[in-house]
Amino acid sequence: MSITEIQNELIDEFAMFDDWMQRYEYMIELGKTLPLIDDRFKTDDNLIKGCQSKVWLHAEMHDNKVIFTADSDAIITKGIIAILIRVFSNQSPQDIIDAETDFIDEIGLKEHLSPTRANGLVSMIKQLKLYAIAYQTQLSK
Amino acid sequence: MPQQHIEFDVRKIREDFPILSRQLNGEQLVYLDNAATSQTPIQVIDVISDYYKNYNSNIHRGVHSLSQEATNKYENSRQKVQSHFNAKFPHEIIFTSGTTDAINLVAHGFETILNENDEVIVSALEHHSNIVPWQMLCEKTGAVLRVIPMNEEGELVLSEYDKLLSDKTKLVFVNHISNALGTINPIERIIEKAHGVGAAILIDGAQACPHIRPDVLALDVDFYVASAHKMCGPTGVGVLYGKEKWLNTLPPYQGGGEMISEVTFEKTTYADLPHKFEAGTPHVCGVIAYGAAIDYLNGIGFENIQQHEKELLTYATEQLTAIEGLRIYGPTKNKTSVISFNINGIHPYDIGTILDKMGIAVRTGHHCAQPIMDYYKIPGTVRASFSFYNTLDEIDKLVSGVKKAKAMLS
Numbered sequence: 001m002s003i004t005e006i007q008n009e010l011i012d013e014f015a016m017f018d019d020w021m022q023r024y025e026y027m028i029e030l031g032k033t034l035p036l037i038d039d040r041f042k043t044d045d046n047l048i049k050g051c052q053s054k055v056w057l058h059a060e061m062h063d064n065k066v067i068f069t070a071d072s073d074a075i076i077t078k079g080i081i082a083i084l085i086r087v088f089s090n091q092s093p094q095d096i097i098d099a100e101t102d103f104i105d106e107i108g109l110k111e112h113l114s115p116t117r118a119n120g121l122v123s124m125i126k127q128l129k130l131y132a133i134a135y136q137t138q139l140s141k
Numbered sequence: 001m002p003q004q005h006i007e008f009d010v011r012k013i014r015e016d017f018p019i020l021s022r023q024l025n026g027e028q029l030v031y032l033d034n035a036a037t038s039q040t041p042i043q044v045i046d047v048i049s050d051y052y053k054n055y056n057s058n059i060h061r062g063v064h065s066l067s068q069e070a071t072n073k074y075e076n077s078r079q080k081v082q083s084h085f086n087a088k089f090p091h092e093i094i095f096t097s098g099t100t101d102a103i104n105l106v107a108h109g110f111e112t113i114l115n116e117n118d119e120v121i122v123s124a125l126e127h128h129s130n131i132v133p134w135q136m137l138c139e140k141t142g143a144v145l146r147v148i149p150m151n152e153e154g155e156l157v158l159s160e161y162d163k164l165l166s167d168k169t170k171l172v173f174v175n176h177i178s179n180a181l182g183t184i185n186p187i188e189r190i191i192e193k194a195h196g197v198g199a200a201i202l203i204d205g206a207q208a209c210p211h212i213r214p215d216v217l218a219l220d221v222d223f224y225v226a227s228a229h230k231m232c233g234p235t236g237v238g239v240l241y242g243k244e245k246w247l248n249t250l251p252p253y254q255g256g257g258e259m260i261s262e263v264t265f266e267k268t269t270y271a272d273l274p275h276k277f278e279a280g281t282p283h284v285c286g287v288i289a290y291g292a293a294i295d296y297l298n299g300i301g302f303e304n305i306q307q308h309e310k311e312l313l314t315y316a317t318e319q320l321t322a323i324e325g326l327r328i329y330g331p332t333k334n335k336t337s338v339i340s341f342n343i344n345g346i347h348p349y350d351i352g353t354i355l356d357k358m359g360i361a362v363r364t365g366h367h368c369a370q371p372i373m374d375y376y377k378i379p380g381t382v383r384a385s386f387s388f389y390n391t392l393d394e395i396d397k398l399v400s401g402v403k404k405a406k407a408m409l410s
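So the sequence lines, in the order shown, correspond to chains A and B. Under the numbering used here, the residue at position 87 of the first sequence is numbered 87, and the numbers go up by one with no gaps. Under the numbering used here, the residue at position 136 of the second sequence is numbered 136, and the numbers go up by one with no gaps.
Calculated directly from the structure, the hints in this document are not laboratory data. Accuracy of the hints is not assured; some may be wrong.
[To be verified] Here are the simulated DSS-like pairs of lysine-lysine, each with C-alpha atoms no more than 25 Å apart in a straight line:
(1) B:K406 with A:K32
(2) A:K32 with B:K403
(3) B:K267 with B:K193
(4) A:K49 with B:K377
(5) B:K377 with A:K54
(6) B:K404 with A:K54
(7) B:K377 with A:K42
(8) A:K32 with B:K404
Looking at chain A on its own, in the form it has when it is part of the complex:
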């Protein structure tokens, strides 16, 4: 599935819920599906700055597609990163770089998150895209 298709799928899934509590419960559930980072990559270098809770993110490239794994010590943050990884993992670096992130607003995530946490969300997206840029540079060489 393309990034846009996955984003639309998420928008549809979240549209089923009427209130914030159901949304958060679903997000927590999604957190359980997060492809977990291998312990050896759980280093300070892989920590994303700008989050109040800890978020580790690791990237590898297989068959010209970027595969992300991650973890967090906070359960809601884990849900957020799981959503992002569902969208961005197993995609080509160029597609990740080009991807719009408006779906975050549309699934009511950004408006429902406190500013400091929203900053963490912004940092996560930035980090995902930075990895993609690095791999794209590798591919162009």
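Chain A is already provided as a structure; the job is to place chain B on it using the hints.
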């Protein structure tokens, strides 16, 4: 005239705070982040509005009437603060941009006083703003930073403090009340012991002043600092009390207008206290509003404030402790109305996020006191801090919110 609340009626007091009737996320706001900043009563908001509507002007050297009116009110605030803190002279009160700024002013001044291998003592319970300026001072002067350790109860270990004190000790800085745990430190003894070895002492009163009226003369403290925005006043205003002899000894902090006596390109002579430390145009409106905030707090009465907050603290402690897996950090007695807690296996940030969805404002994280979090080996806590305008009903909402969060997150 300050508003008089002869009898303490929390419902009536809440009417003074327009923000408390706000809805957030479709819920009635429950504001329990008072240790970060207090809310502002209409009496103070009116003073701010009146300033800009009627007499906004630059102070001290204007010959026109507006400037004189503003100057009088600004200086009148200085007298209010002097009287509130029981300082000997009005010129011992220096207005700053906040507690952090006041601490930096003193730290800067000691650059010319400290020598290599002199020692300065800080406590393990400090806010980063009462650690970092002193670390910077030590880096510049070659002085050595020593730390009074804390115990599991979140109290300072005074027997260790005794061991740290020597004739090398030149400065001690301790907060009156810990922002992260609410511990009330025995500052009388800490001050006395510092003076015993001839050291100067600074007390950070940022967390104390919303609850306690400090008597700097009786404490015999050298420096006492506080922020207006934690005392129902505006942000951007703080106060440094310093003994006259110390303020005369310290060099100016910043150069600029107001702080000079005469300027030629060869030499500048500095103004007398307090203007020596108030370079540039100060936060005129904020200082005047701070005076109104002090009037407001005294109108309610600190005894009333303490009594009500104690009731809130006792009730909240009982209710929260009953939740399985919940641990409160810090002392069980001799603390102010702050509860710093975690629930076993749940990140404080998750709890804070869920509470926010219910309109309940608490703080989560390390509270700018990472050494305390390191001591307990935790990433942070959830901190609920109560003010005199909070109610038992709001504690009930907090407790039910925490239970709901726990159910969702476990």
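Here is how each hint holds up against the structure:
no. : hint               : in the structure
1   : B:K406 with A:K32  : holds, 17 Å
2   : A:K32 with B:K403  : holds, 22 Å
3   : B:K267 with B:K193 : violated, 41 Å
4   : A:K49 with B:K377  : holds, 20 Å
5   : B:K377 with A:K54  : holds, 15 Å
6   : B:K404 with A:K54  : holds, 23 Å
7   : B:K377 with A:K42  : holds, 19 Å
8   : A:K32 with B:K404  : holds, 20 Å
Checked against the numbered hints listed earlier, the structure breaks hint 3 alone; every other hint is satisfied.
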